[in-house]
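Protein chains in written order, with my numbering: chain A, 1 to 311; chain B, 1 to 298.
Everything labelled a hint here was simulated from the structure, so no lab data went into it. For clarity, every value in this text was computed on a predicted model and none was experimentally measured. Hints may contain errors.
Cut-off 20 Å, straight-line C-alpha distance, at most; resulting in silico cross-link-like pairs (SDA-like, lysine to any residue) [claimed, not checked]:
id, chain 1, residue 1, chain 2, residue 2
1, B, K181, A, T305
2, A, K298, B, R99
3, B, K227, A, I36
4, A, K298, B, F61
5, B, K71, B, R291
6, B, K98, A, F145
7, A, K196, B, C92
8, A, K298, B, T106
9, B, K181, A, F145
10, B, K181, B, G241
11, A, K298, B, K71
12, B, K98, B, T216
13, B, K258, B, L131
14, B, K227, B, T216
Short, incomplete list of chain B residues facing chain A, as computed with Cβ under 7 Å [to be verified]:
id, residue
15, M29
16, Y34
17, T38
18, L215
19, V226
20, N237
Simulated restraints, written as ranges between beta carbons of each label pair [claimed, not checked]:
id, chain 1, residue 1, chain 2, residue 2, range
21, A, K167, B, L285, 39 to 47 Å
22, B, A58, A, I95, 46 to 54 Å
23, A, R215, B, K71, 35 to 43 Å
24, A, G226, B, L280, 15 to 23 Å
25, B, D194, A, R215, 54 to 62 Å
26, B, V78, A, F41, 22 to 30 Å
27, A, F218, B, D45, 19 to 27 Å
28, B, F103, A, R135, 44 to 52 Å
Just so you know, even glycine gets a beta-carbon here, dropped at the ideal spot from N, CA and C.
Take a look at the letters that make up each chain.
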Amino acid sequence: MSQISVTGQTAIERATTEARPVYFPRRKKGIRPRSIAILVFLTMCAAFFCVPLYVIVVTSLKTMDQIRLGEIFSLPEVWTVQPWLTAWNDACSGINCNGLKVGFVNSLAILFPSLILSLAISSVTGYALALWNVRWAGPFMFLLFMCAFVPFQIIMIPLIVLSGMLKIYGTVWGIAIVHAVLSMPLLTLIFRNYYKDIPNEIMRAAMMDSGSFWRTFFEIILPMSGNILIVVLIMQITSIWNDFLVGLTFGGLGTQPMTVILANVVITTTGEVVYNENMAAALLTAIPPLVIYFFLGKFFVQGITAGAIKG
Amino acid sequence: MRIRWSRWAPQLALTPAVAITMVAFLGSMVWTIYISLTRSRRFPDYEIDWSEWGRQYARLFNDDAWLIALKNLLILGVGSTLAIGFGFILACLIDREKRGEGFFRTVFLYPLAVSLIVTGVAWRWLFDPNLGLQAFFHSIGLTWLRFDWLASGDTAIYGIILASVWQGSGFYMALMLAGLKGINTEIWSAARLDGVSTWKFYTEIVIPMMRFTFLTCAILLSLGVVKAYDIVVAMTNGGPGQSTWVPAYFTISAYWQKSNLGYASAAAVIMLLITAAVFLPMVLLTLWQQRRSGRVAA
Numbered sequence: 001m002s003q004i005s006v007t008g009q010t011a012i013e014r015a016t017t018e019a020r021p022v023y024f025p026r027r028k029k030g031i032r033p034r035s036i037a038i039l040v041f042l043t044m045c046a047a048f049f050c051v052p053l054y055v056i057v058v059t060s061l062k063t064m065d066q067i068r069l070g071e072i073f074s075l076p077e078v079w080t081v082q083p084w085l086t087a088w089n090d091a092c093s094g095i096n097c098n099g100l101k102v103g104f105v106n107s108l109a110i111l112f113p114s115l116i117l118s119l120a121i122s123s124v125t126g127y128a129l130a131l132w133n134v135r136w137a138g139p140f141m142f143l144l145f146m147c148a149f150v151p152f153q154i155i156m157i158p159l160i161v162l163s164g165m166l167k168i169y170g171t172v173w174g175i176a177i178v179h180a181v182l183s184m185p186l187l188t189l190i191f192r193n194y195y196k197d198i199p200n201e202i203m204r205a206a207m208m209d210s211g212s213f214w215r216t217f218f219e220i221i222l223p224m225s226g227n228i229l230i231v232v233l234i235m236q237i238t239s240i241w242n243d244f245l246v247g248l249t250f251g252g253l254g255t256q257p258m259t260v261i262l263a264n265v266v267i268t269t270t271g272e273v274v275y276n277e278n279m280a281a282a283l284l285t286a287i288p289p290l291v292i293y294f295f296l297g298k299f300f301v302q303g304i305t306a307g308a309i310k311g
Numbered sequence: 001m002r003i004r005w006s007r008w009a010p011q012l013a014l015t016p017a018v019a020i021t022m023v024a025f026l027g028s029m030v031w032t033i034y035i036s037l038t039r040s041r042r043f044p045d046y047e048i049d050w051s052e053w054g055r056q057y058a059r060l061f062n063d064d065a066w067l068i069a070l071k072n073l074l075i076l077g078v079g080s081t082l083a084i085g086f087g088f089i090l091a092c093l094i095d096r097e098k099r100g101e102g103f104f105r106t107v108f109l110y111p112l113a114v115s116l117i118v119t120g121v122a123w124r125w126l127f128d129p130n131l132g133l134q135a136f137f138h139s140i141g142l143t144w145l146r147f148d149w150l151a152s153g154d155t156a157i158y159g160i161i162l163a164s165v166w167q168g169s170g171f172y173m174a175l176m177l178a179g180l181k182g183i184n185t186e187i188w189s190a191a192r193l194d195g196v197s198t199w200k201f202y203t204e205i206v207i208p209m210m211r212f213t214f215l216t217c218a219i220l221l222s223l224g225v226v227k228a229y230d231i232v233v234a235m236t237n238g239g240p241g242q243s244t245w246v247p248a249y250f251t252i253s254a255y256w257q258k259s260n261l262g263y264a265s266a267a268a269v270i271m272l273l274i275t276a277a278v279f280l281p282m283v284l285l286t287l288w289q290q291r292r293s294g295r296v297a298a
């Protein structure tokens, strides 16, 4: 390694001294064969990633008559939105044929309380752990770190029993609270990692000013955490919206989120599989997170890497 | 460094988090471990017969479905490493060829924003033996190509692997890309001036420098594989037969279909042990890294 860095330094010197006389403001490279090969390969990979999306979109707009022909890639001969309407209004999940709209409403009803709860708990906890002198902060954070990776199944049954005792089992609130509980360790660690870099001077000034835990949080820390709040918010929205397991195990009849209803619609079909309706149902479920992803992708990427590395 | 100002407020603010950790995580884990030692069936039975405390575990390892689930977990784990390799290749190419970086990154990552149920449903359709991709391949003359993997118990798990690789590669690409960006550009230009071949540069310089990124990816992948449930439900629902059961699926079905608390708890405890076996290296690694960076700072 040392050898490389030594030669590296000389190489850099060489490069800089040589480059100085012929300096172009923006060197435009011509496309070389290697670049073309790389771009072709990347485009092929991109096609691999796009094929399923393309196929679900066209399938959802076809009639069943055309689907039976087996031409999976062909465009619809007759464009129809009927599958979308059926999936939204009348698709059958078990014996209930009220479509995905029920699930959509439930998912929203789960999402909002759960977002507020999880952000409130984890930001305050992260703040207290990062900036206040809590003696057992170290061991507690280690514990949180472990809890963040525990498989859901090991705590599922007691949580079901507990929520049954609290009379929230099977309600939208129950699902929301379980989501907030499950995400608390990871989110706390993310907030704590963000707040620990806040300069000491700011905290000292805050101490001179009011010295109050809550006033410092609301007047100084919270206004500084816009970026991390958006990242965590997007992370939470997509993970709660896409969750299946919690919705399945804690949802009652009529309070199931959209993913559970989608799975029921698709799995419990008897007779001919109505692929166009299934694909429309899948797309309806996928649209909200996809919209967020395509508009706020930067924060989405930050969220997953923060969750992965710092968690 | 922190301000010494301990009053009630911070301790009070931490109460909910501490309560959640103690009750919902630690307490629940202890409860599940305890129940796994009892004879509980439909309802919890708190009596432990110490002469045969391991009976649920003994039953578990005599259960063919559980052994299938463990085997599938291993196959999934090994097969899913393709996602790391694929992600690394994509990251290297994107990093090399700066053109279209934003576009390719967006395309490779979008599956991650979609629910695994949706992914499973989409792939289930592509794998349809009569109307899916197979029909397309046959219609263009590739009749030897079989793409009905989900229909047979021997190949169904590979179908799940393909869908998971499709879903997860973008994630590893993002992590790898972050790692590659951390490599000093001077090393890159130095290697080029010294005439190091591209292949050698990646295998002998880049990969060793990114070993922590690789390790992180591997551990995250294993944790994800242990948790794999949604995609199995959406693609095969465990079938054909029990051929695509995984431990997560087994545990849920032992509780919901068989209503057997003790049995489900025992399976969950094994899941926890597998997770711990994967997780321990990560903890040690983090501690080691912290100590190392501490030494550098000092």
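Hints, verified against the model:
Of the pairs offered as hints, the one joining K181(B) and T305(A) holds, with about 13 Å between alpha carbons and a cut-off of 20 Å not exceeded. Of the pairs offered as hints, the one joining K298(A) and R99(B) holds, with about 18 Å between alpha carbons and a cut-off of 20 Å not exceeded. Distance restraint check for K227(B) and I36(A): the Cα-Cα separation of roughly 40 Å exceeds the 20 Å cut-off, and the hinted pair is therefore not satisfied. For the suggested pair K298(A) and F61(B), the alpha carbons sit about 46 Å apart, so the restraint of at most 20 Å is broken.
Distance restraint check for K71(B) and R291(B): the Cα-Cα separation of roughly 38 Å exceeds the 20 Å cut-off, and the hinted pair is therefore not satisfied. Taking the CA atoms of K98(B) and F145(A), the gap is near 36 Å; set against the 20 Å cutoff, the hint is violated. Between the alpha carbons of K196(A) and C92(B) the distance comes to roughly 33 Å, so the proposed pair goes past 20 Å and is violated. Using a Cα cut-off of 20 Å, the hinted pair K298(A) and T106(B) holds, with the two alpha carbons roughly 9 Å apart.
Distance check on the hinted pair: K181(B) and F145(A) sit about 27 Å apart at the alpha-carbon level, beyond 20 Å; violated. With a C-alpha separation of about 46 Å, the suggested pairing of K181(B) with G241(B) is violated against the 20 Å cut-off. Using a Cα cut-off of 20 Å, the hinted pair K298(A) and K71(B) is violated, with the two alpha carbons roughly 38 Å apart. Taking the CA atoms of K98(B) and T216(B), the gap is about 25 Å. The hint is violated against a cut of 20 Å.
In summary, the hint linking K258(B) to L131(B) is not supported, as the alpha carbons are separated by about 35 Å, beyond the 20 Å threshold. Taking the CA atoms of K227(B) and T216(B), the gap is near 17 Å; set against the 20 Å cutoff, the hint holds. Using the Cβ-Cβ criterion of 7 Å, the hint placing M29(B) at the interface with chain A is satisfied: the shortest such distance is roughly 6 Å. With 7 Å as the threshold, the beta carbon of Y34(B) stays out of range of chain A, its nearest partner Cβ sitting at about 10 Å, so the hint is violated.
Given hint, T38(B) at the interface with chain A, is violated; its Cβ is 12 Å from that chain's nearest Cβ, farther than 7 Å. Below 7 Å, beta-carbon pairs count as interface contacts, and L215(B) has none with chain A, the closest being about 12 Å; its hint is therefore violated. For V226(B), the interface hint holds, since its Cβ comes within 7 Å of a Cβ in chain A; the closest pair sits about 6 Å apart. Given the 7 Å rule on beta carbons, the hint for N237(B) holds: about 6 Å separates it from the nearest Cβ of chain A.
In this structure, K167(A) and L285(B) meet the distance hint of 39 to 47 Å, their C-beta atoms being roughly 44 Å apart. Separated by about 40 Å at the C-beta atoms, A58(B) and I95(A) break the suggested range of 46 to 54 Å. Under the hint 35 to 43 Å, the C-beta atoms of R215(A) and K71(B), about 58 Å apart, miss the expected range. Distance hint check for G226(A) and L280(B): the Cβ-Cβ separation is about 37 Å, which falls outside the suggested range of 15 to 23 Å.
Against the hinted window of 54 to 62 Å, the Cβ-Cβ separation of D194(B) and R215(A) comes to about 59 Å, which satisfies the hint. Under the hint 22 to 30 Å, the C-beta atoms of V78(B) and F41(A), about 25 Å apart, fit the expected range. Distance hint check: the CB atoms of F218(A) and D45(B) are about 49 Å apart, inconsistent with the given range 19 to 27 Å. At roughly 50 Å, the beta-carbon separation of F103(B) and R135(A) lies within the given 44 to 52 Å, and the hint holds.
In summary, the numbered hints that this structure violates are 3, 4, 5, 6, 7, 9, 10, 11, 12, 13, 16, 17, 18, 22, 23, 24 and 27.
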